[in-house]
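Whenever a hint applies, use it, and build me the whole structure from the sequences.
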Amino acid sequence: MGWLRRLGQRSLVDRRLDSELHFHLEQQIAAYISSGISPVEARRRANLEFGGIERFKEECRDVRAETRVHEFLYDLRYAWRSLRKDLRFSLLAVFALTIGIGCSTIIFSIVYNGVLHPFPYQGGERLVALSVWDLAKPADSKEGKRPVFTLPEIRAFRERNRTLEDVVGWGNWYVLYKTQEGTESLHGCRVTANAFEFFGVTPLLGRILTTEDAKPGATPIAAIDYKLWKRLFHGDRGVIGAKMILDDTPVTIVAVMPPRFTPDGADLWAPVPASLEQADPNRIRYDNEPTYFFATGRLKRGTTPAAAGADLNVIAKQLATSSPDDYPQKFSTVARLLSDAVVADFKAILYFLMAAVAMLLLISCGNVANLLLVRATAREREIALRAAIGASHGRLVRQLLTEAFVLAGIGCFSGCALAYLGLKLMLVHLPPRIPGEADISLNLPVLGFAVLVSLVTVFLSGLSPALHAVGGNFRNKLTSVGTISTSFRQSKLRSGLIVGEVALSMALLVFAGLMLRSFHALTHVPFGFDPSRVLSANLSFPKGRYTTAHQKKAYFDRVLPKVAELPGVTAVATSIMIPLKHAAGSVLVIQGKAPPDPHRERSATMLDLCSEGIFRIFDIELVKGRVFTAEDVAAARRVAVVNQTFVREFFASEDPVGQRFKLTVFDELPESPRDAYFEIVGVVSDVRNRGLEGPPFQQVYVPYSVSGFAHRDLMVRTSVDPLSVLKSVRQQVWSVDRDVAFADPEGLNTILTRVYFAAPQFGVFAITAFAAVGLLLVVIGVFGLMAYSVSLQRHEIGLRMALGAT
Amino acid sequence: MSQEKAEFLKGTLDMLILKVVAAGPIHGYAISQRIQQISKDFFQVPQGSLYPALHRLEERGWLDAEWKDSSTGREAKFYKLTRKGKKQLEAEVLHWEQLSDAVSLILRTAE
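Those sequence lines, one after another, are chains V and S.
When the letters of the first sequence are read in order and numbered with our numbering, they come out as residues 1 to 806.
When the letters of the second sequence are read in order and numbered with our numbering, they come out as residues 1 to 111.
These are calculated hints, taken from the structure and not from any lab test.
One or more of the hints may lead you astray.
In silico DSS-like pairs for lysine-lysine, Cα to Cα no more than 25 Å straight-line [what the hints assert, rightly or not]: (1) K40/S - K84/S; (2) K553/V - K593/V; (3) K57/V - K87/S; (4) K57/V - K68/S; (5) K80/S - K57/V; (6) K562/V - K227/V; (7) K593/V - K624/V; (8) K230/V - K57/V; (9) K178/V - K593/V.
Some, not all, of what chain V presents toward chain S, calculated at C-beta under 7 Å [claimed, not checked]: (10) E20; (11) H24; (12) E49; (13) F50; (14) F56; (15) P324; (16) Y327; (17) V736; (18) D737.
If you anchor each label on the Cβ, the simulated ranges turn out as follows [unchecked claim]: (19) E66/S - W80/V: 50 to 60 Å; (20) E66/S - L447/V: 25 to 35 Å; (21) L107/S - A65/V: 37 to 47 Å; (22) R301/V - E66/S: 51 to 61 Å; (23) D69/S - V456/V: 51 to 61 Å; (24) W80/V - D69/S: 24 to 34 Å; (25) D69/S - G52/V: 20 to 30 Å; (26) Q36/S - W80/V: 21 to 31 Å; (27) L447/V - I106/S: 32 to 42 Å; (28) G51/V - L107/S: 25 to 35 Å; (29) I106/S - I53/V: 36 to 46 Å; (30) W80/V - I106/S: 54 to 64 Å; (31) G52/V - Q36/S: 30 to 40 Å; (32) Q36/S - A65/V: 44 to 54 Å.
Glycine included, each C-beta is placed from N, C-alpha and C at the ideal position.
And the structure:
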């Protein structure tokens, strides 16, 4: 790094060069003198033979690396000065660059941190979610996919595969936790014993869960989530070793996990207990322990998800021969990258936005290029003069590029500032499709991207104007008097840039328009009911209480009137399904008709166990007969109300009212009527019970008092904002029994937004912003260009006016 | 100096310098004297053009320079070959020999 040292002592280096060359000359002179030539003649000859000393000095300097740096520093200083002198130009250019660089950095950060590298887990890019696909079903449908496995299946995958480093299983485990005011339902996650080693994340406090913790007789332990730690324990570091009472069982907290550790979005993680590990997976259990587990594997290095899928398929085929009921007739096992599986359809929107910001970036490049072009045209004389006194083409291009470089440097800095603010704004609107682990911020790779984009911008926008400026005949430029040359007005490059910019911004606007339209269409799908004023919550009962139909009925007889009395509440009901969240179903046997085809799905008909209020909650229209009444519910009469799709499916030409059917699911469930036939008393309009994509499903409503099974939901219709009554509803529920958990209260609108609207809404929000900014850039660009070029032609315009132009 | 000679020199000057410097530390004036002397004044270039070449070779790390007293008592810049320079010289000499062998072979046999 000699040049770096020499950089600091430039005068010394110059002196040395000087004395080296003079030493040569003097030696030569001395040699001539000693051979008898007169000193004057000797000096003349020596100088002649040596050649121009200053020229060689210059050549010597040129080969030195530090000279380049010096030149660059000079150029920087010059560029800075000239940019400050021409403030209007500089502000326009920096503004365009800030927008271009800032917006692309924002989207890059979301894509990089949210889609490409969302998981802080060991080998996070190689994690795959496993599932079994029924080949008889369309590839995209959710119904054809089984993403869950029994523990023996997961064990088999883990032990016999050759493509995965390891496999973990995790299942939902909802537990009740008592707080001072009432009871909460916590989202626990049962994980296989190897899970913590699998994820490879160091706990914030405490230790990881090991295989020892899953052995028979081990004390129940759990690792808790960072947010839960903050909420329940206020960030107390002494929480390790403390016991939480979960479902009446004391569980010792052994770890607090860092904020980015959120598998399954759970509140706490606990090992699968040995009893569960040994349980028969084919027996239906009625406790809250999971029967089925999601399976996540980590690919070996260099293995593709497809290869892993094929490998696991072999194992699954073996499993299918021993338990054929669990597998479809033709199936395929699929390993899908976790980031693909999680982000799913949101990815399309993100890539679309990436294309949009690329366009935005091009527009701003065009803007800057045009400004630089006008500026370079205005400086034609200066450049010609520099060329005339010896600057080479390369040198001139370098100098002009340095200006673009300075602009891009400032643009990069302000672009990052914009991205920082923009990301804060965007994060609020970011849909929940982005996994909770993702840390979307301005981290090092993103900053690197911003710098890279800035450099690309320099070359895209700086190079062609620079080449344009030094091209052509310098003599003409030198002799032209004070006006800008005619080449300015005829520049194809310049008009091409403007045309390109306007075209790009039009394309952006069209995109935005299309997205807005489809979003509008999506939000206006008729839903069958008005979801805006409905509050839903899940009620979980403590173990061993409210198990029978009578007990549940007695409980709701106290709760429902109390909630109904609250101001702002117009209707209240209990139910077992919340649209888009969860539902129940059963196979149906209709009296006097052939038994159902055994190959049809188990959940052939949706079943709601509800109170009579549900018809008012959903604003359901009565089509025929009557809906069931409070008396029907009180007497637990076996009556049913069906929807129109049900009628179309089962009674195409007959009158459904008075027909009787049996729900086979009741024969299997505890606390439910055996071999019970329900009489249809009425038909109601369809509700979009399967979400916005598919047509409604056949559905029956029966009085909730016929069965004691299952958790129940509370639905409340309000005349005000549903969240405003949340607190008082919860108070009323807990005033009846503090031990019943009031879980996941949400407005139906919130659910709808989360499931369907958040992703497109984000897309619409972002693309509209980009399109608006793009348009603004074009307007400012064209305006700035016109203003600038008019000011340059002032002389000529003045002349024309003096000659009589109007 | 004729035009052809100058073109010819450009490609070979680096090798000649390296060869001369290989004999031991030597200053610029002595290098130019040696080259003229050995080549029997075949290479008559402006002596100054030696210096950009010397500085270029130094920048590439083939030559190392040091200021010390010359035989006349004045301080002069002495150049010597680095290990990298030695390798380069060997490579260039080999290349040159192959080239000149090939050329002379053609000249002799292509009649």
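Hint check results:
Restraint check: the Cα-Cα separation between K40/S and K84/S comes to about 29 Å, which exceeds 25 Å; the hinted pair is violated. Annotation: proposed proximity of K553/V to K593/V is violated, straight-line Cα distance about 33 Å (limit 25 Å). The straight-line distance between the Cα atoms of K57/V and K87/S is roughly 28 Å, outside the 25 Å bound, and the hint therefore fails. A hinted pair counts as satisfied when its Cα atoms are at most 25 Å apart, and K57/V with K68/S qualifies at roughly 21 Å.
Distance restraint check for K80/S and K57/V: the Cα-Cα separation of roughly 21 Å lies within the 25 Å cut-off, and the hinted pair is therefore satisfied. Between K562/V and K227/V the CA atoms are separated by roughly 33 Å; this puts the pair beyond 25 Å, and the hint is violated. Annotation: proposed proximity of K593/V to K624/V holds, straight-line Cα distance about 22 Å (limit 25 Å). Note on K230/V and K57/V: the hinted pairing is violated, with a Cα-Cα distance of about 71 Å set against a maximum of 25 Å.
Distance check on the hinted pair: K178/V and K593/V sit about 50 Å apart at the alpha-carbon level, beyond 25 Å; violated. Against a cut-off of 7 Å between C-beta atoms, the interface hint on E20/V holds, since the closest Cβ of chain S lies about 5 Å away. Given the 7 Å rule on beta carbons, the hint for H24/V holds: about 4 Å separates it from the nearest Cβ of chain S. A hinted interface residue such as E49/V counts as satisfied when its beta carbon comes closer than 7 Å to some beta carbon of chain S; here the least separation is about 5 Å, so the hint holds.
For the restraint placing F50/V at the interface with chain S, the shortest Cβ-Cβ distance is roughly 5 Å, inside the 7 Å limit, so the hint holds. Proximity of F56/V to chain S holds as hinted, the smallest CB-CB distance being about 4 Å (cut-off 7 Å). The interface hint given for P324/V is violated, since its Cβ lies 74 Å from the closest Cβ of chain S, which is over the 7 Å cut-off. Hint on Y327/V is violated. Least Cβ distance to chain S is approximately 69 Å, over the 7 Å limit.
Taken as an interface hint, V736/V does not check out: its beta carbon lies about 87 Å from the nearest beta carbon of chain S, beyond 7 Å. A hinted interface residue such as D737/V counts as satisfied when its beta carbon comes closer than 7 Å to some beta carbon of chain S; here the least separation is about 86 Å, so the hint is violated. Look at E66/S against W80/V: about 39 Å separates their beta carbons, and that is not inside 50 to 60 Å. Distance hint for E66/S and L447/V: a CB-CB separation of about 44 Å, inconsistent with the stated range 25 to 35 Å.
Distance hint for L107/S and A65/V: a CB-CB separation of about 42 Å, consistent with the stated range 37 to 47 Å. For the pair R301/V and E66/S, the beta carbons lie near 53 Å from each other, so the given range of 51 to 61 Å is met. One distance hint, 51 to 61 Å for the beta-carbon pair D69/S and V456/V, holds here, with the actual separation near 54 Å. For the hinted restraint 24 to 34 Å between W80/V and D69/S, the CB-CB distance of approximately 46 Å leaves it violated.
A hinted range of 20 to 30 Å for the beta carbons of D69/S and G52/V is consistent with their spacing of about 29 Å. With their beta carbons about 49 Å apart, Q36/S and W80/V fall outside the hinted range of 21 to 31 Å. At roughly 60 Å, the beta-carbon separation of L447/V and I106/S lies outside the given 32 to 42 Å, and the hint is violated. Checking the proposed 25 to 35 Å range against G51/V and L107/S shows it holds: the Cβ atoms sit about 34 Å from each other.
For the pair I106/S and I53/V, the beta carbons lie near 42 Å from each other, so the given range of 36 to 46 Å is met. Taken as a hint, the range 54 to 64 Å holds for the pair W80/V and I106/S, whose Cβ atoms sit roughly 59 Å apart. For G52/V paired with Q36/S, a C-beta distance near 20 Å fails the hint of 30 to 40 Å. At roughly 31 Å, the beta carbons of Q36/S and A65/V sit outside the given window of 44 to 54 Å.
In the structure shown, a violation is registered for the earlier hints numbered 1, 2, 3, 6, 8, 9, 15, 16, 17, 18, 19, 20, 24, 26, 27, 31, 32, in ascending order.
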